[in-house]
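Produce the entire structure from the sequences given, and follow the hints as far as they go.
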Amino acid sequence: MNRTRFAARRLAQGLVALLLIVVVNFFLIRAAPGDPAAVMAGEAGAGDAKFVAQLRQQFGLDKPMIEQLGLYLGHVALLDLGQSYRQQRPVADLIAERVPATLLLTGSAFVLSLLLGITLGAWSSSRVGTWSDSLVTTVALIFYATPLFWVALMAVLILSIKLDWLPGFGMATVGQNLSPLGHAIDVAQHLVLPAVTLALFYMAIYARMTRTSMLEVSRMDFVKTARAKGVPRGRIWRVHILRNALLPIITLAGIQAGQMVGGAILTETVFAWPGIGRLMFEALLQRDYNLLLGLFLFTAAMVVLFNVLTDVIYTIVDPRIELR
Amino acid sequence: MRDFWRRFRRNKGALVGLAVLAAVLCLALFAPLIDGGDPWAMVQRPFLPPFELAHTLFGTDTLGRDIGTGLVYGARVSLMIGFVSTVAALVLGVTLGAVSGYYGGWIDAALMRFTELFQTVPSFALAIVLVAIFQPSVGSIVTAIAIVSWPPVARLVRGEFLTLRQRDFVEAARLDGQSDLRIIFVELLPNAASSIVVMASLMVATAILLESSLSFMGLGDPDLMSWGFMIGAARTVLRQAWWMSVFPGLAILMTVLALNLVGEGLSDGLNTKLGGGRGNAGL
Amino acid sequence: MPASDPVLLIDGLDICLPPGGDRPLAVSGVSLTLGPGEALCIVGESGSGKSMIANAVMGLLPGPQVRPTAGRIRFDGQDLLDLSDLQMQTLRGRRIGMIFQEPMTALNPIMRIGDQIAEVYRSHTDIGRRECREKVLAALADVGLPDPVRLADSYPFRLSGGQRQRVMIAAALALEPALLIADEPTTALDVTTQAQILKLIRDLQRRRGMALLFITHDFGVVAEIADRVAVMSQGVMVESGPARAVLDRPQHPYTQKLIAAIPHGQSGDRAPAMAPTALLELDQVTKTYRLPGGREVAALKGVSLSLRKGETLGIVGESGSGKSTIGRCVTGLTPISSGRILFEGTDISKLGPKGLKPYRGRIQMVFQDPYASLNPRHRVGSAIMTGMLMQGIPKTKARDRAVELLSLVGLGPEALERYPHEFSGGQRQRIGIARALAMEPELLVADEPVSALDVSVQAQVLELFDQVRKKFDLALLFITHDLRVAAQMCDRVAVMRAGELVEYGEGSQVLHDPRHAYTRELMAAVPRLERSAS
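Keeping their order, the protein sequence lines are chains C, S and U.
Using this note's numbering, the first residue of the first sequence is number 1113, and each one after it goes up by one.
Using this note's numbering, the first residue of the second sequence is number 33, and each one after it goes up by one.
Using this note's numbering, the first residue of the third sequence is number 559, and each one after it goes up by one.
No lab work stands behind these hints, which were simulated from the structure alone.
You can take every hint at face value.
Facing chain C, a subset of chain S residues (Cβ under 7 angstroms, in silico):
1) Thr152
2) Phe156
3) Trp274
4) Ser277
Only part of the chain S face toward chain U is listed, based on derived beta-carbon distances under 7 angstroms:
5) Arg199
6) Asp200
7) Phe201
8) Glu203
9) Asp208
10) Gly209
11) Glu219
12) Asn223
Below, a list of computed lysine-lysine pairs in the DSS-like style, where the Cα atoms sit at most 30 angstroms apart:
13) Lys908/U <-> Lys859/U
14) Lys1336/C <-> Lys693/U
15) Lys915/U <-> Lys1029/U
16) Lys693/U <-> Lys757/U
17) Lys1336/C <-> Lys757/U
Where a beta carbon is used, it is the ideal one built from N, C-alpha and C, also for glycine.
Written out as C-alpha cells, the structure reads:
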C-alpha cells in the first residue's frame, strides 16, 4: 500500500473513533445524575429554570433520542460543548484558555521523558549485566511503581517547602510586575517541578521499553551480519540496533503522548498548574458534569490526533509500511 | 513446576517482591486482628506527629484518626480492588482476544477496531468520568478500572492465538474433530496462560495505582479508607503534616513495586520452557 | 593441491558449551587446513558443531559460555584466538567474509541495500562517497543482480530470498577477502535457487582464487562445490579427505551411514496390484486466496488428480507452488474455491463441519514441523488418544491402541505420560505418525514430513512411512520439495508450479524421463552425489 493512502486511512479511522467517542459522551451526559438539560446547564438540578428551558430547546431535549444525538453532533462539530453553570461560561472557551498551559507542561515533559528514557535504556542495554545496568533498571522500576501524584507531593514537600529551591504552586508568581523576559524565567521556574515529575513516570516506561527492545534486536541475525562485515561496535549499536529498536518506541510514544494528558490531571492538581487537568479537578469538585465531559472529549480528541501523527511519522521511518 | 521455582528463585528481586506481597496480604486478611481500631474513629489529638506514641506510631490526621489503622485497612481496599478489577478485565480481555485471534477475518477486524477505540481514550480520564458520572462506590471503581484495563489483555491474547492457531497441532485437533470451543480452551489457552499470568500480576499493580489516583482525586468509595484517599486528604495540609502523605505513599509504592517484581519473576519462571525446548539446535 | 602456505589452519580446536548441556564440548580437537583457492566443506547433522567452527574463525561465538578453550586458528600469519575483538573487527569483512543461512533475516530491514554493502567499504577504507557508490553497484552487478541502480536504493523486503542471498554474497566479497565462510547458505532456498547460488559461489571462488569454507548438512551440495570435505559428528571430526574419495569410498562408519541414508532417487520395486477404483479424486480444484488489500492470489488453478488405495502419490514443487494447499484442501482444513474433491465417490468439499465429521477419522495428516505438530502442554498419550475419544472409543481401548501404535513407531508405552519437549525431532515425527494412525485412516496426507529432519533420521522416518502404508493398505498423499524423496517413496508423481500441474505420471517416468521443461530444470538443479564438482 502507498504511504499517503496508509496515512489517509489512519486519519479516517481516527475520525471514526472520535465520532464514536462523541456518541459515548452523548450517552454519558444522559447517564449523569439529574436531567440532561440541567447537567448541560451546570450542577445537577440547580440550574435556573429559564436557562434550562432555553438549553432544552437549543439541544432539542424534547425530541426523540436519535434526533437529539444528531443535534448534539451538530453542536460538537461547531465546537459548541454547552455551558458550564458554575463558571457561567461556554465549556469550549474554558478549555481553550487552559490549553496552552497544558501543552507547555506535557510538551516539555514529553520531550524530557523521551530523551532521558531512550538514552538511559540504550545506555543500560549496551552494558547489560553490569551494576550500571542494574541501577538504571531499578530506578526505572521504582518510578514506574510510584504513584505520580505522590511523587508530585513529595517534590513539593522536599524541594519546595523544606528546601525552598523551586516554586511548587501555580504557573507564575502572583502580584508581581515582570518584564516579558522576567515573566518567561518565572514561568520556566514554575515549570521545572511539574514537568520533571510528570516526565519521571514516562521516562521509566521508555527506559524499560528501549532496553528490552534493544536487547531483542541485538540478538537478530542482521546484527551478526553487521559484525561479520567488520562494522565497528559503536556503529552497530547506533545504526543497526538502536534504529530498529526505536520503531516500537515510536508507537508507544504516540500512545503515551495522548495518555500524558491523563497524567497531567494529577500533576496539575498537585501543582495547581492552570491547565485542563486542573480544570478537570475543579469540575469534579463542583460536580460540573458538562465541563467534565467536555474535557473528556477534548483529551480523547488530542489522543486521536497524536495517534494519527504517530502513524504518519511511522510511515516515514519504516519502509515496510507499504506491506501493510 | 520444580523448573519454574528454580528459575523464579534465581531472580532475587522477585523473592523480595513475593515476601513484601505476602506481608501486605497478611495485613489485609487479618486487619481486624492486627489493629482492632476503626480507621474512621478519632483516637488522639489531630496532627499528632509519628513515633511519639506507641499506639499511634504513624501519627494522626486532621481529625485525630490513626494513620497506622488507615494503612492496615487501606491494604484491604487496595488489594481487593486490584484483584477484583483485574479478574473482571481478564474475563473480558481473554474472551474477546481469544475469539478475535482464533477466528481472524472480519470478526478479528471488528473486535480489534473496538479494542483500539478503548485504547485510544486516555484511560485515567475515562476512569474519572465513569466514576464521577456513576457516583463513587466500590462497584463503579472496579468497573471503571476493568473497562480501562482490558484492551491490552485482549491484544496480548489475540496475538498469542494468532500465532498459536497456525501451529500444526491446532490443525491436528481440527482433524480429530474437536470443536472450536474445545480447541480454544483445551489446546490454545493453556499455551497462552503463562503470558496471561505475567500480565495479570502487572495489571493488579496498575489497578492499585489507578484506584489510589481516583481516591486521591476524591473519587474513592466514601465508606472505605484507602491509601489514595489518605494522601488526597493530606494534600492541603502538606506543610503542617508530612507524615499524612508520606506513609500511605510508601505503602502504595512498596505494594506496586512488589507486584512488578513478582511479575518479572513469573515471566522468568514461566516463559522460557514453553517454546518447545528445541535445546541447542543452534549448534 | 597447491604447495603454498595454507590460508587457514585450525589445530586442535576445542569449543566449550554451557554447563548442563548434552556434552561438555561443542567441538573437540578439530584440526584442518585450507589452501588458497581451495573449497573445503564441513558436513554434519544438526548439533554436530560444524557451525561453531565457522563462528570461531570469525570470532562470532556467543561467549563467554561458548568459547574456544584450546587449540589455535592460524590466518594471515597470526593466531586469531590471540586477537582482541577490535583486531578481529578489522579482519572481518576485509580479509574474511561470511554469509549465513537465513537470507530473510540477515539484512537490516530498514536500511537500503546499497547502504548495507557500502558499510563494508566505510568500515575498512577511506574511499569517497562517489567511488563507494560505484563499487557498490559493481559489487551488485558482480553477483548477477539485475538493475543494480534501482536495487541499491531498495529495502530488503522487496527482494526474494535468492536475491537477498546474492546481496549477502556481494557484501561478504566486497573487499575481495582471502577466505569466504558460508554457513549453510542455500538451506533455506528452493532447489532451483540453490543451484544458482551454488554456481555463483563456485564461479566467484574460482575467479578470485579465494579459499572457501562451506558448512552444509547436504552431501549433494558437497559433491557440487567441495575440493575437500571434513565430516563432523558430535563435535568430533570423524573423517576428512578429497571430496570425491570420501563420497565414493567413505571410510568411517558414520560417514557410510550418512551417505547411505541419502534418498537415492531410485524407485523401489513396488507391486502395481492396486485397487481398481480411486479412493480420492480431485476434479478441476481451484483455490483463490483473497489478500487483505483486495488482491487475489490463485494457489491452485484447476488441479485434477486421483489416488487409489495402497498407492502413494507424490506432489512435488517449490515453495509457493501450491503443493501444500492441495494437502490442506483434501483434509478439509481449507475450503476450495471451485471444483470437486471426491472421497469414495462423495464430494467432501461441499460438506459442512457436520457432514465432514464421519470422514474426519478416515483422512488424517502428518505435518512438517515436528516441533509444532504436538501441543507442548499436552502429554503424548492425550495427543494420540484425543481423536479416538472424540469418536466415542472407550478410554481403556483407546489407551491400548495408543500403546500398540507407539510400539509400531518404535517407542515404548512410557512415552504416553511424557511431554513432547522430552523427545527429539525424529521421535516427535514418529509420535505424529502414531497420532495420525490412531483414527485408522484410509488416506494419509503427509506434508513435507521429513524436511525438518536430519538425513539419517529422515531415512528412518521414510522407512516407517513405507512400513505403515503396507501394513494398513493406506493411500498416501506425499507432499515434498525433494525429488529424490518423491522418487523413492511414490508410485506416481505430480509436479506443481505456480498452482498448476505441469507433469503427472508414473514415478520412474517423471523422474528419469521428464517431459516438461520445468521438471527437467528441477531435476538438473538437484545436487547429486554422482556428478563431480568440476
